[in-house]
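> For the protein sequence lines, the chains are A and B, in the order given. Converting from the first sequence to my numbering requires adding 8 to each position, the first position being numbered 1. Converting from the second sequence to my numbering requires adding 21 to each position, the first position being numbered 1.
Honestly, the hints are just simulated from the structure, not real lab data. Don't be surprised by glycine CBs; every beta carbon is placed ideally from N, CA and C. It is possible that some hints are incorrect.
Claimed, not checked - Output of the computed footprint for chain B on chain A, the stretches with three or more beta carbons under 8 Å from beta carbons of chain B:
1) 46–60
2) 158–168
3) 175–187
4) 217–226
Stated by the list, open to error - Restricting the straight-line Cα-Cα distance to at most 27 Å, the calculated cross-link-like pairs of lysine-lysine (DSS-like) are:
5) A/K86 x B/K68
6) B/K42 x A/K64
7) A/K120 x B/K39
8) B/K42 x B/K97
9) A/K131 x A/K120
10) A/K118 x B/K39
11) B/K68 x A/K118
12) B/K42 x A/K86
13) B/K97 x A/K131
14) B/K93 x A/K234
To be verified - Computed, partial: chain A to chain B, Cβ under 7 Å:
15) T78
16) T191
17) F194
18) L214
19) L232
20) I233
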Amino acid sequence: MTVASAAATASGAHEAHEHHHYTTTGLDHRKIAIWAFIGSECMLFASLISTYLVYKGRSVVGPFPHEAWTSPAGQVFKPILDIPVTSASTFVLLMSSLFMVLALAAVEGKGKPGYEGVLGSSKFWLLATALAGVTFLGFQAYEFTSFVHEGLTIRTNLFGTSFFTLTGFHGTHVAVGVLWLMTLLFIDMKRGLGPRDAIIVDICALYWHFVDVVWIAIFTLVYLIK
Amino acid sequence: MTTDRAHADHAHEHPTWKQYKWVALWLTLITVAEVWAYYIPAFVASKAFVPTLLIMSAVKFTVVVMFYMHLKYDHKLFRALFTGPLVIAVCTLIAFVFLFAYVPVG
């Protein structure tokens, strides 16, 4: 092998390495990073959920999540959690996860048979996922606003403090996910996303599904268990 | 080598569209069952209420992680990166709940 060909081989290997971002494990470092990040996010949400559970039932004044409360001034507060509304928002978030996997499948299968038309379009599913996320945020904005109107703020009692912090952090994650999805949609519209780009959609999908599983836990622990 | 690595990365199979839709249907049905249980006063008052809800929630959590996040099909290192911190997080959560379970009387 000549020096020139060795250099070319080394350069080619370097380019391939740069392109695929592989680690010594043979796995893409971006995917390892997102899983490590999700692992750390488990810790964050466990701390917020445990704080909520520790404070559960310890509020001295209302409004309370599941019980009515009459203030010393005689004002009656009904149970503040609205289960039908939250069930609807939960359904929307669950469906958004379905849309997200279909978006990833559409990116991976672009150009292959069975991925023609609107239902095989990654743009359609990315947009559907983002819209579902925005709808979820709309439900949350409605919930927060109605709670404030009914007399529960982040400073009212221990329930208000822990509830707004926990669900607010989750909502912020959803908002970041929506921005991420909109960015992918923009890239898809600008130059198109194909099988070569599946990894960047996969990473976003993993984040989005994690936000969904956190909500699965919150919905049960905060809303349904009295 | 690059080809081998690419193969290692994408060797796992993903579920089909049909499977994704079945997963969505099961997630929806479990959620409906959870909300339904919430509106049955006799069940809410029973000792089975909280464990039942926790089990249903855990099943939903596991299904999303296994099928939508592809952990069932992916490399075991990803499984370790997720389940390790998750186990520590759940243990921390349980520890905190017990640590602060004491309520002064009177």
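> If a hint holds in the structure, say so; if it does not, say that too.
Results of checking the hints against the structure:
1. Check result for the stretch 46–60 of chain A against chain B: holds, 11 residues qualifying (beta carbon to beta carbon below 8 Å, three or more required).
2. Taking a C-beta to C-beta cut-off of 8 Å, the stretch 158–168 of chain A contributes 0 residues in contact with chain B, too few for the three needed, and the coverage statement is violated.
3. Note: the stretch 175–187 of chain A has 0 residues with beta-carbon separation from chain B under 8 Å; the three-residue rule is not met and the coverage is violated.
4. A stretch counts as covered by a chain when three or more of its residues have a beta carbon under 8 Å from one of that chain; for the stretch 217–226 of chain A and chain B the count is 6, and the coverage holds.
5. Under the criterion of a C-alpha separation no larger than 27 Å, the hint pairing A/K86 with B/K68 is consistent with the structure, at around 25 Å.
6. A C-alpha spacing of about 36 Å is found between B/K42 and A/K64, which places the hinted pair above 27 Å, so the restraint is violated.
7. For the proposed pair A/K120 and B/K39, the alpha carbon gap of about 17 Å is at most 27 Å, so the pair holds.
8. About 25 Å separates the Cα atoms of B/K42 and B/K97, which keeps this hinted pair within 27 Å; it holds.
9. Using a Cα cut-off of 27 Å, the hinted pair A/K131 and A/K120 holds, with the two alpha carbons roughly 16 Å apart.
10. Restraint check: the Cα-Cα separation between A/K118 and B/K39 comes to about 18 Å, which is no more than 27 Å; the hinted pair holds.
11. With a C-alpha separation of about 51 Å, the suggested pairing of B/K68 with A/K118 is violated against the 27 Å cut-off.
12. At roughly 38 Å between alpha-carbon atoms, B/K42 and A/K86 are farther apart than 27 Å, so this suggested pair is violated.
13. For the given pair, B/K97 sits about 31 Å from A/K131 by alpha-carbon distance, which is inconsistent with the 27 Å threshold.
14. Annotation: proposed proximity of B/K93 to A/K234 is violated, straight-line Cα distance about 33 Å (limit 27 Å).
15. A cut of 7 Å between beta carbons decides the hint on A/T78: the least distance to chain B is about 22 Å, and the hint is violated.
16. The beta carbon of A/T191 is not positioned within 7 Å of any beta carbon in chain B (closest approach about 20 Å), and the interface hint is therefore violated.
17. A cut of 7 Å between beta carbons decides the hint on A/F194: the least distance to chain B is about 24 Å, and the hint is violated.
18. Residue-level restraint check for A/L214 holds (minimum Cβ-Cβ distance to chain B is 6 Å; threshold 7 Å).
19. Among the interface hints, the one on A/L232 holds; its C-beta lies about 5 Å from the nearest C-beta in chain B, closer than the 7 Å criterion.
20. A distance limit of 7 Å between C-beta atoms decides the matter here; for A/I233 the minimum to chain B is near 6 Å, and the interface restraint holds.
When held up to the earlier numbered hints, the structure conflicts with 2, 3, 6, 11, 12, 13, 14, 15, 16 and 17 and fits the remainder.
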